[in-house]
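These protein sequence lines map, in sequence, to chains A and B. Take the working numbering: the final residue in the first sequence is number 689, and no numbers are missing along the way. Take the working numbering: the final residue in the second sequence is number 449, and no numbers are missing along the way.
Honestly, the hints are just simulated from the structure, not real lab data. A couple of the hints might just be wrong.
[What the hints assert, rightly or not] For lysine to any residue, the following SDA-like pairs were computed, each having C-alpha atoms within a straight-line distance of at most 20 Å:
1. Lys244/B to Asp170/B
2. Lys43/B to Ser313/A
3. Lys533/A to Thr458/A
4. Lys440/B to Ser322/A
5. Lys436/A to Lys263/B
6. Lys263/B to Asp285/B
7. Lys304/A to Lys263/B
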Amino acid sequence: MIINPYESAKKKIDIAAELINLHPNTLEYLKKTERALVVSIPVMMDDGSLEIFEGFRVHHSTLLGPGKGGVRFSPFVTLDEMKALALLMTFKTALLGLPLGGSKGGIRVDTKKLSERELENLTRRYTMEIINMIGPDRDVAAPDMYTDSRIMAWMMDTYSMQKGRTIPGVVTGKPIEIGGSIGRTEAPGTGMIYLLQHLCQKLNYNLKKMSVAIQGFGKVGSVVAKQLCNNSCNVIAISEEEGGIYSPDGLDIDTLIKWKLQGNLLKEYEGKNTSPITNDKLLSTECDVLIPAAVENQIYSKNADKIDCKIILEGANSPTTSQADKILEEKEIIVVPDILANSGGVCVSYFEYIQDMQSYFWKLDRVNQEMKSILIDTFEKIFEFSKKTDSSLRTAAYAISANRLAKAHELRGLFP
Amino acid sequence: MAVNPFEMAKKQIDIVAEVLDLDPNIHKFLKRVERSLIVSIPIMMDDGTVKIFEGYRVHHSTIRGPGKGGLRYSLGVNLDEVKALATWMTWKTSLLNLPLGGSKGGICVDPFKLSKKELERLTRRFTAEIINIIGPDIDIPAPDVNTNPQIMAWIMDTYSMQKGRTITGVVTGKPVEIGGSVGRADATGMGLYFVLQAMAEKLRLELKSLKIVVQGFGNVGGTIANLLYKHGCKVIAVSDISTGICCEDGLDVEKLLDWAKQGNLFKDYKNENYKLIGNDELLTLKCDVLIPAAIENQITEKNAEKINCKIVLEGANGPTTPEADKVLFKKEIYVVPDILANSGGVCVSYFEYVQDINSYFWKLDRINEELKRIIIEAFEETYKISEEKKIPLRTAAYIIAVSRIAKAIELRGIFP
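Just chain A, with the same shape it has in the complex (with noise of 0.2 Å):
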């Protein structure tokens, strides 16, 4: 049976409610959406057809600020999903004390069959049809699944005409050309890193001799590896859709980054001591660190039992279920979760977002310091947090951001 993804967002809110006692008004209130506008796009395709694709801009909270969060394009996109990542979104904003809220959004398309030209003309339309919805001050959109910073110029250009002047700050991701931010590609994978440098510190681990699987190899996946093999850890599997590889001497990234880039598949590969592992496989390989980093749902009911390592950092979003979660709690894995984990990557669209309203843009020792101490503070929080009401990182993080935006509802009290 598939989950609703909106469905299974609330649940997660539930349980950090029940943790702190949350007023049943508030937690009604956060689990409804703001609004939800869906749209419909009429492209003009390149042989005179016309197609009208249907599309989504979801703002689930703005109490705390505009609402920050990516658009994806993708053929499963729908109302409810939509929902479910604002929703989430909310939570992350909420739990790095940024002033930003929750939004979402996307169109129901299957970008590999669109033509430059549509995919641009796709995108335009899609903003024109959302502009009273988005803005600096009102909600900042970014790169998600199957967008990047092309997309991101297309629609600052469109918005900056519309609105009859340049404003970068309506979207992030952008090229750094255009006011993007240096370091915001990498930030989601330098994000984890830190964290994963921190916890080892407080857990007296040497980092160094930590051996790492990565599951996926897209833009969290690889930068994540690469600076693990940097920083001379030993990654020893690692993956994308079609299988991975595995060493236990420790593989080479970058040789394997090039590898891709010549259209080669991962379970190709073959240099010493390397032989190919499926992705169930990887999951359960014996290491101190897992990294999921591809899609939803991995880690469930049917394998968290033979998940063999001593920390779980979650790349992906919503990679453990949560009966998963349950079972990894029993085991004493600590999982970093994906509100915490992945959350680099919105940390730095706020910066590029700062920068874009200041006209002042940072060095990236500046953008990696900010990020850093911003997460490693919040890491501090749920760690407490979690010991203190002994509940695992998860519900700790949940319960802050819970808080925090349940102080400030009852601050701003009820419109009119």
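Chain A is already provided as a structure; the job is to place chain B on it using the hints.
Relative to chain A, chain B alone:
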């Protein structure tokens, strides 16, 4: 099984597209709902608890001008219903050749369970939530099921407060004291009257000699019955929710109006010459003009064969089912369709908007004169096409409305 109203609306477009041999691209574009905004509306109840309602505002098309459409408060409200009603508004404004589009909105709520204060808070919060997609140049709401001039006044006030200046043209159906139009309340009835006048002329019938049956005695039914009565017609039967009431020699409609205005029901009305009859009997009485002015789906395949009149004048929305339409056409009964017959309301709403943006207010004479001009023009056009093509008036009306939109799409082209 309940028919999905939006599926029905789309099917109507398909039928017209086939008759018109429409370009497939334009056909696709016509079915597109431009945007649907779904909002959650939290309000503080009088007892201190918070309740969260769901509200909608849908623009089906703004291709010929700002959206125009009512706002209903009812537990039956859902997104597909609102989408369908918005689509029908597009055809209505197009048929009358007004420079307006089609929209609709609503809140899923039982307004009779709210106190006046709660109703006001609900209305104001809803207005704040949809504020970016309404306005005199964007979309202009109006009263509909369970909403009234007071609610329109609250919307206008909230909108004006937010914008920092008084903007009366954001809604129509306002009280006359704050930018409403004279004649708005009786507009639908007046429109029915003008159309019937023209129809009778076409059929060479003397209006005064006609025997009339009216189902429903509310704003629409009561007004048209009274107008015809004053004009010397014999109104032989009317009905309210309690019963039908009938007299072959004609009813004294004025007295019945007084009775109803005092909050009484027909079943308690005492007059020995009057006979109480059921709904089924009322609809099948032998008469010249049958005016269904109550609710939808009253003339169906079950009773269509027994309808015994020359003209059906649709005061209500959708009183005749498509199956019944076919039967009536075969019986050579003229059905003046809802989108033409009851369009007096939206027409005077348009006048209200014109007066508001002009800051110049008309006298009742001018209102009725212009209403007559517009509605008769639409009637003449409809009648002509129906005679030429030997098709029902309804199909002819749709052909005019849809062609006008199709032409606008063709001229404007696809952005960007």
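Cross-check of the supplied hints:
no.: 1; hint: Lys244/B to Asp170/B; in the structure: violated, 44 Å
no.: 2; hint: Lys43/B to Ser313/A; in the structure: holds, 15 Å
no.: 3; hint: Lys533/A to Thr458/A; in the structure: holds, 18 Å
no.: 4; hint: Lys440/B to Ser322/A; in the structure: holds, 17 Å
no.: 5; hint: Lys436/A to Lys263/B; in the structure: violated, 57 Å
no.: 6; hint: Lys263/B to Asp285/B; in the structure: holds, 10 Å
no.: 7; hint: Lys304/A to Lys263/B; in the structure: violated, 57 Å
In this structure, the hints that do not hold are numbers 1, 5 and 7, in rising order.
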